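**Q** Required output: the full structure, derived from the provided sequences and hints.
Just so you know, the protein sequences line up as chains A, B, C and D, in that order.
Numbering of the first sequence is given in UniProt numbering, commencing with residue 1 and proceeding in unit increments.
Numbering of the second sequence is given in UniProt numbering, commencing with residue 1 and proceeding in unit increments.
Numbering of the third sequence is given in UniProt numbering, commencing with residue 1 and proceeding in unit increments.
Numbering of the fourth sequence is given in UniProt numbering, commencing with residue 1 and proceeding in unit increments.
Simulated from the structure, these hints should not be mistaken for laboratory data.
On a predicted model such as this, the values are computed, not experimentally measured, just so you know.
Any given hint could be a false lead.
Stated by the list, open to error - Derived lysine to aspartate or glutamate pairs resembling DMTMM-like cross-links, with alpha carbons at most 25 Å apart:
#, chain 1, residue 1, chain 2, residue 2
1, B, K241, B, D189
2, C, K307, C, D203
3, D, K307, C, D203
4, D, K307, A, E220
5, A, K7, C, E281
6, D, K3, D, D237
7, A, K187, A, D169
8, A, K28, C, D34
Unchecked claim - Residues of chain D placed beyond 12 Å of chain C at every Cβ, according to the derived structure:
#, residue
9, T106
10, A249
11, Q250
Glycine residues also receive a C-beta, built at the ideal position from the N, C-alpha and C atoms.
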Amino acid sequence: MAQQVIKEIVTQKEISPNHFKMVIRAPKIAKEAQPGQFLHLKWVNDLTGQDPLLRRPISLNSIDQAKGTITIIYRVIGRGTKLLSSLQAGDEIDLMGPLGESFSVSDSASKIAIVGGGMGIAPLLPLVNQLLDLDKQVTLLLGANTKEQLINLAEYQKLDVNLKIATRDGSCGQQGFITDLLTELSKIDYVYTCGPEIMMEKVQDWAKQEKIVGEASLEERMGCGTGACLSCVCKIKVGSKDDWQYQKTCTQGPIFPLGEVIFGE
Amino acid sequence: MAQQVIKEIVTQKEISPNHFKMVIRAPKIAKEAQPGQFLHLKWVNDLTGQDPLLRRPISLNSIDQAKGTITIIYRVIGRGTKLLSSLQAGDEIDLMGPLGESFSVSDSASKIAIVGGGMGIAPLLPLVNQLLDLDKQVTLLLGANTKEQLINLAEYQKLDVNLKIATRDGSCGQQGFITDLLTELSKIDYVYTCGPEIMMEKVQDWAKQEKIVGEASLEERMGCGTGACLSCVCKIKVGSKDDWQYQKTCTQGPIFPLGEVIFGE
Amino acid sequence: MSKVNLAVDLNGLKLQNPVTTASGTFGFGEEYQDYLDLDSLGGVMVKGTTLHPKQGNPTPRIAETKAGMLNAIGLQNPGVDYLIKEILPTIKDYDFKTIVNISGNTVKDYAKLASKLNQAGVAALEVNISCPNVKQGGLAFGTQPEMAAGVVEAVRAETDLPLITKLSPNVADITEIARAVEEAGTDVISLINTLLGMKIDIDSQKPILANQMGGLSGPAIKPVAVRMVYQVAQAVDVPLIGMGGISNAQDAIEFLLAGADAISIGTANFVNPQVSMEVLEGLEDYLVENDYDNVSEIVGNAINNSKL
Amino acid sequence: MSKVNLAVDLNGLKLQNPVTTASGTFGFGEEYQDYLDLDSLGGVMVKGTTLHPKQGNPTPRIAETKAGMLNAIGLQNPGVDYLIKEILPTIKDYDFKTIVNISGNTVKDYAKLASKLNQAGVAALEVNISCPNVKQGGLAFGTQPEMAAGVVEAVRAETDLPLITKLSPNVADITEIARAVEEAGTDVISLINTLLGMKIDIDSQKPILANQMGGLSGPAIKPVAVRMVYQVAQAVDVPLIGMGGISNAQDAIEFLLAGADAISIGTANFVNPQVSMEVLEGLEDYLVENDYDNVSEIVGNAINNSKL
Ligand SMILES: Cc1cc2nc3c(=O)[nH]c(=O)nc-3n(C[C@H](O)[C@H](O)[C@H](O)COP(=O)(O)OP(=O)(O)OC[C@H]3O[C@@H](n4cnc5c(N)ncnc54)[C@H](O)[C@@H]3O)c2cc1C
Ligand SMILES: Cc1cc2nc3c(=O)[nH]c(=O)nc-3n(C[C@H](O)[C@H](O)[C@H](O)COP(=O)(O)OP(=O)(O)OC[C@H]3O[C@@H](n4cnc5c(N)ncnc54)[C@H](O)[C@@H]3O)c2cc1C
Ligand SMILES: Cc1cc2nc3c(=O)[nH]c(=O)nc-3n(C[C@H](O)[C@H](O)[C@H](O)COP(=O)(O)O)c2cc1C
Ligand SMILES: Cc1cc2nc3c(=O)[nH]c(=O)nc-3n(C[C@H](O)[C@H](O)[C@H](O)COP(=O)(O)O)c2cc1C
Ligand code: FES
Ligand code: FES
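**A** Shown next, in the form of structure tokens:
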């Protein structure tokens, strides 16, 4: 069950320029949250007043049930994330969560590919851990502008995953887009993707061609985070060929089946 | 010449419950400012956004030309002063000043009474010092709710002034209103007053009756602080008996001649 | 046990307290069940409903502004038949009053909606003549007294349910519209809907909303909303439900003092899903502290006091 | 030496750059001489002037709201004769264009004001048909197309000066008024004036402003202002001066993209007396960074881009 709670920040660290990692003590959320879910955050401080007015959705980057903590990793974009980055250990943060649907794990699929790009790498760590726990073979394709922006790289290097990397500046792995490496994959049963729309669209096209099922994690501007306001909708194919519906990214997503997402509209 | 500058806070201290004293390094303002003038303040911090939107007028409580510092003393009332009180040494503050007319000092007057009440005591210290420098005989009447709220009491006790005190709770001086002590005064040439309207009105009535000239320092809600917006006006008698004009507290005041102020409208 | 009587009777629409949630911001109530005790709300205005299902506008549908937000949802909803069959049964057991907000392209649409909902077991209808996000109808009905009255009369003819008419703030004289809908038979007036606004992205040099313009809501519009309630309260006799920027109990009290008999909370639900409970508690505290027995004792006090 | 051409020609009113200060918020300019280089402003709209001196409203005249403020100054001013004799001579040597904002109770008032100011050496007149704070006239002129046109025609007949007409946002369809004043012969349209609003003190249970209602300005109203500029730019051919909530260069650019040829800064002067200079610099930076030669190249781009 989702809840709204005010929690304490355990640590906050700038892990690379403009990228922050925040650990929050929230045992109940840590206990319930599943890979792919997100939080809807507000900075608790009388002094900030109502600017920005709305909350900010951020994915769970790690869920530590034992310690009762959750971790988020985010990039500073505008005023909201800038404010978030000014918080320190001991400060309080107002969060709603865990929200949204989680990634689903198919029993039959054993060879899994996960394609993450940029900030879209952030929600993948709990998924990778879950899949490894289930003894799946995981090929992880990570793309970013620079090596520094490859979120959780060090963690992944320690895990038993087949890691493939592409950076725009060539500072790590192959120079170019991570989707360039899709052709290297073979015999994949299931693919997960999260990242820029253009990347996910390419993954979807590739998966369709290769007849691979999978899921994508989407981002949309959110108001309520509860399914009430209908601001976060995305176009999802339903029924016959050209039919589609607006579905809510916050409650029906953010995870949607690959092949059904109509990107770029 | 008034200026808008961003300056550093040297110290900020809670001197009694909800009352704060802030020292700011501002050599140029310290050099130019005269007793009775005020600052128009804004908290410099991106995080606060635009709430409150407007600046806050606060009087100069001390002007130290030698050290290049100025001091303000204020009470926390609403969100603006609450924010102000959260600032710490080393933080920056945005100030416009020095603003307004200063108290005028008459060469011919030698026996001076000064009647201050509540927060209205705050702007009086520089005036007292100035008058003492000019070898005037100063009787200082200070009123407040409690002893704790008698601003600068310790400083005044060290100065060569005839100090009379009244508090509402009787914790210092006579119990009651400071205006109750007006009748004890004799042979006063000039009177200054600053405090609640009701107090200043009583001082004005008394001065009129005793045929004493003087000045009052007024407070009005301010927008610009520069004389541009006409939000801070007060009713001042002009010309013949019942004629009056709205005058600007920020530039034509805050100091106005006693006897000419129409209070309570 | 409450020490003050918070119940309000809006011309027949009885609410256990004056705190309701605004249409389009609270879904069908259930979306918020994890966050608060829905049973303690006075009423829930459910999402704007149309005769036929609507997909709504393309995204982005919202944009933030200073102390406010713009929305151009475009009335996405599953249509009245689906509402009656699939949704209303799931919320009928809550203690709050379910009020269905209806929107049409034509007067006939409104009448049909009313007739379909008449026996649907809802507490009241809120006639939205003020949605700024649909091309036809909507806004036009809300800005012309005769058209506004026409819609209300048509709906009135089809239903015995208490009728709330929701006014648009995008007019020169809101009292004119208020009087027109009162005469046409509305039981209650709710106000305000959103102000029409827009935001431009200076990098792409395009409006942020796919729909270009949208409705401005949130704290930014509160002064306009309070003013309109204050004006309408003096112009009509029917009870008012005030809204626009309410974020806390103080804001809600301002609306009551301005002449609203009940209030509705919109955008603030997104910021703080428990805001309606906090408003309810804060209102009760205010009444107790100031020795009132009944919430109605403060309604319109600012009008009376400013005439002193 | 500026790398971009910032000069604008508003139907004959030539400004060295598009940054002006809004009437009632910048006095006669001189009030701000300690804080900025007045000579670098495009224009200064001086305080609203009436035929006879006016005392204005009782205090409190202002109240703060979320991201905005209410004012009910009530047009306190020394009257047009005093303006011409005592004030204009003191500001005539600045490089900014002095624009006199005029308000009347009757059409005749406006005509007389125009005729008195015709030879007074000012750069233009701004006809305020939109002041919400005076009982008679003002607002009424701004909400009815025929009355608005009547005022403009009467002023037009008395002066050869460039004529700016300032519109009220308190209307259902601002394009209707805009077209009416364009036809009546205005050279330029400025918009928006303040939205009518109100704030109530919940302790005293009274409106905070002595005048009860006042005009809402500041960042809160920017989305409404941008929307109206965007609408009016598509409805008329005369140039526009956009205003309402501009606090920085980004805000100003939004107005230009929405279709304003110049902009005016009001409330933000109170918050930051140097804001107009910062807007000017920020605008120039934006134009340079995006390789424009002329500020006019971005005017209305959001309109064109949203039609793509
Ligand atoms: C389900 C979900 C999970 C997310 N997880 C992460 C994460 O783990 N790490 C991370 O860095 N970012 C994540 N994002 C994106 C993050 O929400 C935005 O970067 C953030 O809202 C920007 O806020 P701002 O005030 O800094 O930026 P501004 O640009 O000032 O924001 C303006 C408005 O646009 C919205 N907005 C801006 N960018 C986005 C975006 N990409 N997606 C949705 N709304 C946006 C904001 O919420 C706000 O309403 C996620 C978004 C969604 C929807
Ligand atoms: C010339 C002048 C000198 C002043 N000097 C001092 C001083 O030395 N020490 C001190 O403690 N206070 C002083 N004040 C009063 C001080 O400005 C207010 O207490 C302060 O503005 C309250 O702001 P707030 O946001 O905390 O309160 P809020 O009540 O939230 O403010 C709301 C609005 O009302 C205005 N306001 C509230 N109270 C006053 C007031 N008494 N006078 C004018 N405007 C007010 C605020 O500026 C703001 O615009 C002075 C006022 C003036 C005009
Ligand atoms: C996202 C969103 C959707 C809305 N949808 C509707 C609607 O369907 N019908 C309606 O009458 N009002 C709708 N409104 C208007 C609100 O009910 C309310 O009148 C307005 O937002 C002002 O209140 P607030 O400032 O508290 O949000 C909507 C508002 C928002 C923010
Ligand atoms: C204190 C104050 C006084 C004003 N006086 C006038 C006036 O005399 N004439 C006029 O046309 N507009 C007047 N206005 C309106 C402004 O010129 C401007 O149109 C409005 O404030 C919106 O811009 P802003 O949000 O940048 O302030 C006044 C505004 C304020 C805040
Ligand atoms: S954010 Fe409100 S429905 Fe998804
Ligand atoms: S505060 Fe603007 S004129 Fe005094």
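**Q** Let me make sure I understand: some of the numbered hints might not hold for this structure. Which ones are they, in numerical order?
**A** The structure conflicts with hints 2, 6, 7, 10, 11, although it agrees with all the remaining ones.
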